[in-house]
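Enquirer: Here are the chains, one letter per residue:
Number of protein chains: 2
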Amino acid sequence: MMSVRTGLRTRLNSGMIRVKAPAFKFAMPSITTTSQLRFITTAKPAPKLSLEDVNENVLKAKYAVRGRIPMRAEELKETLRTDPKSLPFSKIISANIGNPQQLDQKPLTFYREVLSLLQHPELLEETDATLQTLYKIDAIQRARHLLAKVGGSVGAYSQSQGVQGIRETVAQFITNRDDGEISYPEDIFLTAGASAGVSYILSILCKGQNTGVLIPIPQYPLYTATLALNNSKALPYYLKEEENWSTDPEEIEQVVLDSIKKGIKPACLVVINPGNPTGAILSEESIQKIFDVAARYGIVVIADEVYQENVFKGSKFFSMKKVLRNLQKTHHGLYDNVQLASLHSTSKGVSGECGQRGGYMELVGFNHDIRQVFLKLASISLCPVVTGQALVDLMVSPPQPGDASYEQDQKERKDIHDALEQRASKLSETFSRLEGIDCRKPQGAMYLYPRLDLPYKAIQKAQHLDMEPDEFYCQELLENTGICTVPGSGFGQAPGTYHLRTTFLPPGTEWVETWEKFHKDFYNQYRD
Amino acid sequence: MMSVRTGLRTRLNSGMIRVKAPAFKFAMPSITTTSQLRFITTAKPAPKLSLEDVNENVLKAKYAVRGRIPMRAEELKETLRTDPKSLPFSKIISANIGNPQQLDQKPLTFYREVLSLLQHPELLEETDATLQTLYKIDAIQRARHLLAKVGGSVGAYSQSQGVQGIRETVAQFITNRDDGEISYPEDIFLTAGASAGVSYILSILCKGQNTGVLIPIPQYPLYTATLALNNSKALPYYLKEEENWSTDPEEIEQVVLDSIKKGIKPACLVVINPGNPTGAILSEESIQKIFDVAARYGIVVIADEVYQENVFKGSKFFSMKKVLRNLQKTHHGLYDNVQLASLHSTSKGVSGECGQRGGYMELVGFNHDIRQVFLKLASISLCPVVTGQALVDLMVSPPQPGDASYEQDQKERKDIHDALEQRASKLSETFSRLEGIDCRKPQGAMYLYPRLDLPYKAIQKAQHLDMEPDEFYCQELLENTGICTVPGSGFGQAPGTYHLRTTFLPPGTEWVETWEKFHKDFYNQYRD
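In the order they appear, the protein sequences are chains U and A. First residue of the first sequence? That's 0 in numbering that gives the first Met the number 0, and the numbers climb one at a time after it. First residue of the second sequence? That's 0 in numbering that gives the first Met the number 0, and the numbers climb one at a time after it.
No lab work stands behind these hints: they were computed from the structure. The reader is advised that the hints may include incorrect statements.
Pairs involving identical chains hold if they fit within one copy or between any two copies, as the list cannot separate such chains.
Derived lysine to aspartate or glutamate pairs resembling EDC-like cross-links, with alpha carbons at most 16 Å apart [as the list claims (entries may be wrong)]:
#1 Lys-105 with Asp-417
#2 Lys-148 with Asp-103
#3 Lys-59 with Glu-512
#4 Lys-43 with Asp-335
#5 Lys-90 with Glu-73
#6 Lys-105 with Glu-124
#7 Lys-59 with Asp-368
#8 Lys-375 with Glu-55
#9 Lys-375 with Glu-73
#10 Lys-47 with Asp-368
#11 Lys-47 with Asp-335
#12 Lys-90 with Glu-74
#13 Lys-148 with Glu-77
#14 Lys-440 with Glu-241
#15 Lys-328 with Glu-77
Pulled out of the complex, with its shape left as it was, chain U reads as follows:
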């Protein structure tokens, strides 16, 4: 039975309120007695918030990377802390999230020497001799240079768009990366990781249920989550697993046309390259065809290129901006209106500095007044963390030959890169040996997205447990081995197919062997 207050509350939520007696019975008299606290009256206190008081868009948003399985992993971690012997494994292997330094990947020494000095500028007043007992000379010089750029302290708000001098370094980096195609500091926005950039773009371009955003399936769930928060429609386009997760321009155009027919404006198209969760890398032609659709339908392209450093032997990364500039040169005006927002981050690559929240967004081809809207939005959150901005500067302009840190820095980068590539192969070779599991050859990023051909009995069991079949597999994997992955249902997959995403960041190879043993037992248990 609903209380009077709940009744009022429900009407309030429905947004169609007729204020009825009950609401006023206690409110009215109180108006008259203001001298002391109103509760001397007999008014009943209002109830607490419940989920029905919460913005539906927030309720709708899902983020599987930190979803049910990872949360369960946190519980198990706690169990192990209190009773290390209570589980069939001694520790949780966090393969659910690309968080390298949680898994003992060492930060690049040069980065940290500079950041250490930036945090304590008084040190920079010491003599080089004293400092050089603890810091390399090029780190000391870079810290002095960066400290001047940020205006003397990383503790001051910077311009909301990011420190001018750092945006200049980023623009120079992009210009070099793209073989001289010019990048302008005015087009660079420094952001707290890449997520903040995504959030800016979608809040600006999403106008409600009549706006759609093309999202690759499988996707990184940040996109559907942010879309849900912005109350706009995800327009899924499927990546072709059989062609190593590449894009299908015809399907993309069909999605665009269908959405226009439905009265939904396709405002943006998200490309994640190298792919998350797929680990695949797009060909130049695939990228050209995406721009072709974008140009004809006036769709803004979001290029999530945070894994551009994570590219394995035999694969090549094409920057979307470079491909666009080539199209513009060779096609006389046809691509001049294309608008591209390209994202990069200090969290991935060989930097792996997730906790430092550094990143940038380059806006290509946007009109000035639209850039001003981005700037206003950035100003409402004041500025990205300044040490994160400094880290972006270091990422895009590392030590050069002849610098004191150069040799060691190169070795550290190579070691991290090689370790990732080796573990990726080791893991995919293992998968290739196993029954009912099919995995594309890894090309880059930090993930494998193997396909699970699950036994019918396992699917039945999952349905019985009211779970997605791949979620059931991931749960069993976690409960039996401590290996935490994310089910494909969290990223999206073709109907009737099942996958999971695993990073290849955890050190060592024992966990891979444990997984192999679990997988065999699982299939033996559920084989039809």
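Let chain U serve as the given structure and place chain A on it in line with the hints.
Expert: Just chain A now, kept in the frame of chain U:
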């Protein structure tokens, strides 16, 4: 004359689309020719985005602290850089924003020693003897301790809610501050400054145009900006200038009743204490009466308490949580359902570490399932910058008597506090001497919000220039002296009154004298 594409675009924007021939003329044939790039067809490229393609909520949002006057100041700064002699002043005095370290306030040494070591953990493997040539022993020990808390690297993502061990320190701080009223780590969310906390609360509680949020007038414009982004209604309640900007509980209740009558649910009530922009501090009774309204109407209270350390002699800060707990003890159940979100930050106080983006939010009295919604929202932005979290730990647990850094740390804190208080008095004394300007005695925070009784001719001139009169005064002040302030129209004020907000952070007193001279000239020029 509208082009065919623009015509389509307009219909797309209107969200009511009938796909007409022109859209298909070029789209259809392209379906058939997929082998080469589609632009071999005669299709016209789509136009670029214009403001009509942008989310209206984003267009509506305003943030005066970085609005027109501060932007003009940036231009003038540039002018001075290129030609130092070209203006009637030699530098910009940024009194528009509470950004102490931009104005040469030194960071607290202890904070920075610890952060410096956290950024370069290899240093912590050195002997204490070596390290102590550059760092105090308690900073070294604290860094080791914090590094363990964050799991070995500030470069790893933390829990989205923030590092457990740091939330425990915060909870302990709040418990001590509130004379033993218990605070729980589960209720603490570490955030990127206080702004991120405000954004979480409003995105969760705003359900569109039928949701209202009570905002003090004058307010810190972050609130109306975030409300605009969330497409919900600001319900202004006026602070009583004549009673030193205190609240009027009767007016607040009237705003609540009027909004319910209009079918708008009053979901939250924002209290900024100590006040921004007013610099005023609320009495215990004023706070009790706010909770009284909150309790009877089920309104969540947002307590923006980021200036709780900035309290001047003769004033006392009452934490809203402490006042609530007292009410709950003395009023048997009447206040038990009150839900309070209290915000704090490392950007203000004597820390002034704006660029480090540290802060926390304590959720008091919320149900578990609502806390889970906050957690999900936090997880979508992964985690607050970890060094900012560490800084929160340092802010709430500074060196203690007997620690190596204690004496110096105490002195640094006292010097910053005293300098702020002295400049506040100096500035308000100056104002009190001046014609047509009326300023409350400063009690805390970092701002004065003097009232301008502008000459009729100045108001006429402003109207002629299509500006708010106080914006006109601030513009003239900027153009003539380089002093950058924010007009009252950016914060809100009683109709027909004019104000401006100035910080008292800029060092020295010459700028105050310059302002005094400008003000006299201005009044002489426009005196009726």
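Enquirer: Give the relationship of Lys-105 and Glu-124 under a CA distance limit of 16 Å: within one copy only, between copies only, both, or neither.
Expert: Between copies, since 14 Å is at most 16 Å while 28 Å is not.
Enquirer: At 16 Å max between alpha carbons, let me know whether Lys-148 reaches Glu-77 within a copy, between copies, both or neither.
Expert: Between copies only: 15 Å across, 44 Å inside.
Enquirer: Is the C-alpha distance from Lys-47 to Asp-368 at most 16 Å within one copy, between copies, in both cases, or in neither?
Expert: between (43 Å within a copy, 11 Å between copies)
Enquirer: When no copy is specified for Lys-375 and Glu-73, does a C-alpha distance of 16 Å or less occur within a copy, between copies, both, or neither?
Expert: between (38 Å within a copy, 15 Å between copies)
Enquirer: Within a copy, between copies, both or neither: which one fits Lys-47 and Asp-335 at a CA-CA cutoff of 16 Å?
Expert: between (54 Å within a copy, 9 Å between copies)
Enquirer: I want to check one pair: Lys-105 and Asp-417. Are their C-alpha atoms no more than 16 Å apart within a copy, between two copies, both, or neither?
Expert: within (14 Å within a copy, 43 Å between copies)
Enquirer: Should Lys-59 paired with Glu-512 be assigned to within, between, both, or neither, using CA atoms and 16 Å as the limit?
Expert: Neither way: Lys-59 and Glu-512 sit 38 Å apart in one copy and 56 Å across, limit 16 Å.
Enquirer: Tell me, please, which holds for Lys-440 and Glu-241 at an alpha-carbon limit of 16 Å: within, between, both or neither?
Expert: Classified as within; 12 Å inside a copy, 73 Å across copies.
Enquirer: Given identical chains, is Lys-375 near Glu-55, meaning Cα to Cα at most 16 Å, within a copy, between copies, both, or neither?
Expert: between (26 Å within a copy, 13 Å between copies)
Enquirer: What label fits Lys-148 with Asp-103 when the C-alpha limit is 16 Å: within, between, both, or neither?
Expert: For Lys-148 and Asp-103, only the inter-copy Cα distance (15 Å) is at most 16 Å; the intra-copy one is 32 Å.
Enquirer: With 16 Å as the alpha-carbon cut-off, assign the pair Lys-328 and Glu-77 to within, between, both or neither.
Expert: For Lys-328 and Glu-77, the Cα distance exceeds 16 Å both inside one copy (58 Å) and across copies (35 Å).
Enquirer: At most 16 Å between C-alpha atoms: does Lys-59 with Asp-368 qualify within a copy, between copies, both, or neither?
Expert: between (32 Å within a copy, 14 Å between copies)
Checked against the numbered hints above, the structure breaks hints 3 and 15 and satisfies the rest.
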